[in-house]
Amino acid sequence: MTREETARLKLDRLRAGGKPRVLDLFAGCGGLSLGFQASGFTLRAAVEFDPDAARSHGLNFHGGDKRHSQARDITKIQPEQLATELELGPVADAFDVIVGGPPCQAFARVGRPKLREIDAHPQAFRHDPRARLYQEYLRWVDVIQPLAVLVENVPDVLNHGGQNIAEEICEVLEGKGYVCGYTLLNAAFYGVPQMRERMFLIALRREVGQQVIFPQPTHWVVLPPGYEGSRAVALKVLNGQIGEAQNYIDPPAASPDLPGAVTAEQALQDLPPIFAREQLASGLLKRGARRFDKTIPYPKMRTLSAHAQLMRSWPGFEAPAEGLKDHVIRYLPRDYELFARLNPGDQYPQAHEHAMTMLAERIASLRRQGQIIREGSAEYERLRDAIVPPYDAGKFPNKWRKMWRDQPARTLMAHLGKDGYSHIHYDSEQARTLSVREAARLQSFPDGFVFCGTMNPAFRQIGNAVPPLMARALAETIMTALRGKGAQDDHVSDRAAAAV
1 MTREETARLK LDRLRAGGKP RVLDLFAGCG GLSLGFQASG FTLRAAVEFD
51 PDAARSHGLN FHGGDKRHSQ ARDITKIQPE QLATELELGP VADAFDVIVG
101 GPPCQAFARV GRPKLREIDA HPQAFRHDPR ARLYQEYLRW VDVIQPLAVL
151 VENVPDVLNH GGQNIAEEIC EVLEGKGYVC GYTLLNAAFY GVPQMRERMF
201 LIALRREVGQ QVIFPQPTHW VVLPPGYEGS RAVALKVLNG QIGEAQNYID
251 PPAASPDLPG AVTAEQALQD LPPIFAREQL ASGLLKRGAR RFDKTIPYPK
301 MRTLSAHAQL MRSWPGFEAP AEGLKDHVIR YLPRDYELFA RLNPGDQYPQ
351 AHEHAMTMLA ERIASLRRQG QIIREGSAEY ERLRDAIVPP YDAGKFPNKW
401 RKMWRDQPAR TLMAHLGKDG YSHIHYDSEQ ARTLSVREAA RLQSFPDGFV
451 FCGTMNPAFR QIGNAVPPLM ARALAETIMT ALRGKGAQDD HVSDRAAAAV
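Residue numbering for the sequence shown is 1 to 500, as defined by our numbering.
Among these hints, one or two may not hold up.
As the list claims (entries may be wrong) - Dumping the calculated DSS-like pairs for lysine-lysine here, alpha-carbon to alpha-carbon at most 30 Å:
hint : residue 1 : residue 2
1    : 66        : 325
2    : 66        : 76
3    : 325       : 286
4    : 176       : 19
No lab work stands behind these hints, which were simulated from the structure alone.
Take these sequences, add in the hints, and give me the full structure.
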């Protein structure tokens, strides 16, 4: 059967009322999967290398089925093998949509001519780690022949070492029979309480008969200068070189008439407070692995924000009645008092100043008690180490930041578990970094979504994920394209009405 015939058979099934079937590659714990599932897609399978993330995905989407919870290396498993292991039938008829994002490091600096050669001769560069994951992703597209493909990555793929990787991906997919487009979208414009900028690429089989469009924003926010600057850097390769970026699409414009972006306080205020200094003093907060074995009930509140209501009532992932088990924080005894002193928006230089003031106050207090601490002495150094973080204030300006309660959070990173100072809680009384559940809320994971492993693996899964609400907006756009002629016009109207 030809590719064209396969595409038409899949389209006929969908346009007769069948649900699109999704394969999530590089799936992580399932941010894309959750968004697509919420938009009416059937999630049939995922491929994920990290064992904790694979277990999370299998637990949340397949009830913990061991076949779906198994970590799989895309470079070592064949699409046909996956279909057999999961009893999905013939692989060419198993899926309608592939979503995911091969890490950009895998194909950086390979070059457009070499990418074409890799695609034309799949075995020629299997030894090349720079091209391997990109090659594997294309190979799965070849074998599965999906009607739609979604690729997500960091904005830098538009100017990675002088290359526009997204454009090169489009060139390869166009040669396979797809219509492509890519853009930069910020999650804060789509109901996510986080200013997260990412590149998204959509490819549709020509038989679908639709042009690529991207979802209309549902919220409004003025992004800080740093985000606009990052976008400018990412787009540098496009400026004045539109001929080299034929598939780039300007992101849909947001209107100030839309509802304001979801703020950190709206996202987190209904969660149980954790007063770090009090717990440290009482011995409740101790050093050691943070396991999810203790339940914390929700506090009683008269009203909830719309975001909190959604996070508690997401169909299939409703809030656990007994409370939360992953509302745990890092053990940072030196810094809790310092966190309490920070002002919203303070970064490490300001934190260092506050810490030096605290050191001076402590020395003055000891002097009043008759103890003289001289600068440079062993006792001075001991006190300094106990109060002042050891980082150079001129070299780490962005490693710390106290959140604003009335703004969306800044971008959550995968290493949040090891460097959570980038998101210090806005509440000075709590004086701490974010908990796992708070990070999940800022990423728009519902409260009933379970993360396997301990605290650090959970933070990594959350930080690596595509926000489910962002994924849902993209999934709705792809669904309208797959439905057929006129669906995209209806989609634009529906999203506009939903934002009112």
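Consistency of the hints with the structure:
For the hint pairing residue 66 with residue 325, the CA-to-CA distance comes to about 23 Å; that is within 30 Å, so the pair holds. Our distance criterion of 30 Å between C-alpha atoms is met by residue 66 and residue 76, whose separation comes to about 19 Å. Restraint check: the Cα-Cα separation between residue 325 and residue 286 comes to about 17 Å, which is no more than 30 Å; the hinted pair holds. This hinted pair checks out: residue 176 and residue 19 have alpha carbons roughly 24 Å apart, not beyond 30 Å.
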